[in-house]
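Student: Sequence:
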Amino acid sequence: MHVTAADLWHLAPGDVRAWTVTPTGTPEPAALSVNQRNHLASAAAGNPAVWLAATFEVEGPINDQALTQAFKALVSRHDSLHHEFHPDTTTAVRHNPTHLTVHPLPPSPDLPGANTAIFDRSKTAVFDRSNTAVFDPTNTAGFDRARVRELLDRECAPGSFPAFVLVAVSRPGSSTVVCGFDHAHVDAHSIALIARDLHALYTGDELPAAGSFAARVAEWSQPSEESGPAMASWREFLDAVDYRLPVSPVKTGVPEGKTAEQATDRRLLADSRTTAALSEVARAKGTTTFGALLSTMASAVGEVLPVLVPVQTRGPEDADSVGWFTTTVPVWADPDLTRMGEHLARGRERAEPPLDQVLSSLPRPLRADRRDVFMVSYIDYRRLPETPSAQHVSGTAPADDVQLWLARTADGVHARTRFPDTPDAHRAVTSLLQTWSTEIRKAAQQ
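Quick note: the sequence shown uses full-length UniProt numbering, first residue 1, plus one each step.
Please note that the accuracy of each hint is not assured.
The calculated label-pair distances, taken between Cβ atoms and stated as ranges, are [claimed, not checked]:
#1 E236 with N47: 26 to 36 Å
#2 T203 with E317: 22 to 32 Å
#3 P29 with E256: 37 to 47 Å
The hints are simulated quantities; they were obtained by calculation from the structure and are not laboratory data. Built from N, CA and C at the ideal position, the CB exists for glycine as well.
Sequences and hints are given; from them, build the entire structure.
Tutor: Put into structure tokens, the structure is as follows:
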């Protein structure tokens with residue numbers, strides 16, 4: 001899985017077409033996870049939402065009928081895609097999948113230019129097949145990745161249903177399938193599943209049964225007994241940071257209360273041989289590869305620092321389920337590798353109680369000095385379903401701090417870094433990543 005962002009995304013020209021779904025019938029109220037509620041509250045406050053997309057290549061031109069049926073089956077398969085979100089009230093309803101109709105999005109006539117990838121979701125009349133070739137494939141100058149990005153920005157917004165869209169870029173030799181979602185529908189793990197599922201449904205391959213995200217959210221919503229050690233661990237950590245959410249050590253040059261356009265850096269942080277050696281060292285020191293990566297990051301900075309990390313909440317029965325299956329916990333990134341095992345163990349302990357329960361029991365509210373929170377995510381994609389040519393593409397949004405996504409593949413560890421597009425941030429992030437790579441190589445040689 002190649003993990004990238006919209007500002008670095010390469011998409012070859014071709015004939016673009018898109019599909020959406022329209023509901024009928026009366027939906028039912030649906031429960032939301034704390035991640036979803038926080039996401040909707042942020043959108044209601046006017047903060048731009050970020051979409052996530054799965055992309056992959058298929059041979060030859062797109063078979064519209066096969067892709068339409070595949071998309072219909074995908075939506076029916078995963079109940080997280082049946083939800084309609086209402087950011088203004090931080091609530092949701094769930095549509096009956098048998099009452100969802102898949103149909104193409106016609107080109108929007110109110111936008112200038114004949115070659116445009118922006119579609120008007122309000123126009124659900126019978127699709128005119130003469131308009132499927134939104135782009136003239138011979139007019140490569142008319143194709144712009146930004147236009148497809150704008151389509152994803154428009155259709156993958158949490159305030160409308162669906163907050164997802166299917167796009168295809170058809171070409172004679174090979175074509176690209178893009179399925180984008182607002183974050184409320186999916187997490188990063190889900191994007192790998194979406195790529196596998198949609199590819200299999202398009203080509204007619206078999207798939208394992210999928211579980212229910214809605215059922216899992218209902219379980220999380222049930223009252224549970226307070227976990228004494230976990231809650232004590234939360235309070236101990238938050239007391240140490242004065243209940244402030246983590247801020248990166250990088251000097252971005254963005255004034256407090258302001259944001260800048262997002263910049264993205266994507267690089268190989270450690271090759272496969274170095275990563276394998278680092279994993280062995282980490283195991284000998286009583287921690288994990290992720291623990292060693294956090295430790296070497298702290299070594300690059302030169303201090304112990306707090307950071308938020310997403311933790312998977314999927315159980316074995318959720319392995320093939322699409323949804324937002326994560327909680328978030330604070331941990332210490334410590335240059336001393338021998339201490340990282342204990343830090344991560346305490347972090348896993350903090351992940352045990354539902355985040356709703358944690359937040360509601362705090363003696364005082366958390367404080368955020370930035371809109372973005374300093375976060376480091378890690379996914380070992382070798383353990384997830386692999387789809388040839390698959391990419392995870394994330395949308396962009398204004399930034400005021402640094403966030404990192406680490407992806408382990410057969411090639412090693414890749415880092416995707418999101419940060420403000422300022423000269424100070426570019427210099428500081430480049431320096432951090434270069435020093436981090438050096439620290440990883442040093443640690444791997446222990």
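Student: If a hint holds in the structure, say so; if it doesn't, say that too.
Tutor: So, going through the hints one by one against the coordinates:
1. One distance hint, 26 to 36 Å for the beta-carbon pair E236 and N47, holds here, with the actual separation near 31 Å.
2. A beta carbon spacing of about 26 Å between T203 and E317 agrees with the range 22 to 32 Å that was offered as a hint.
3. Distance hint check for P29 and E256: the Cβ-Cβ separation is about 39 Å, which falls inside the suggested range of 37 to 47 Å.
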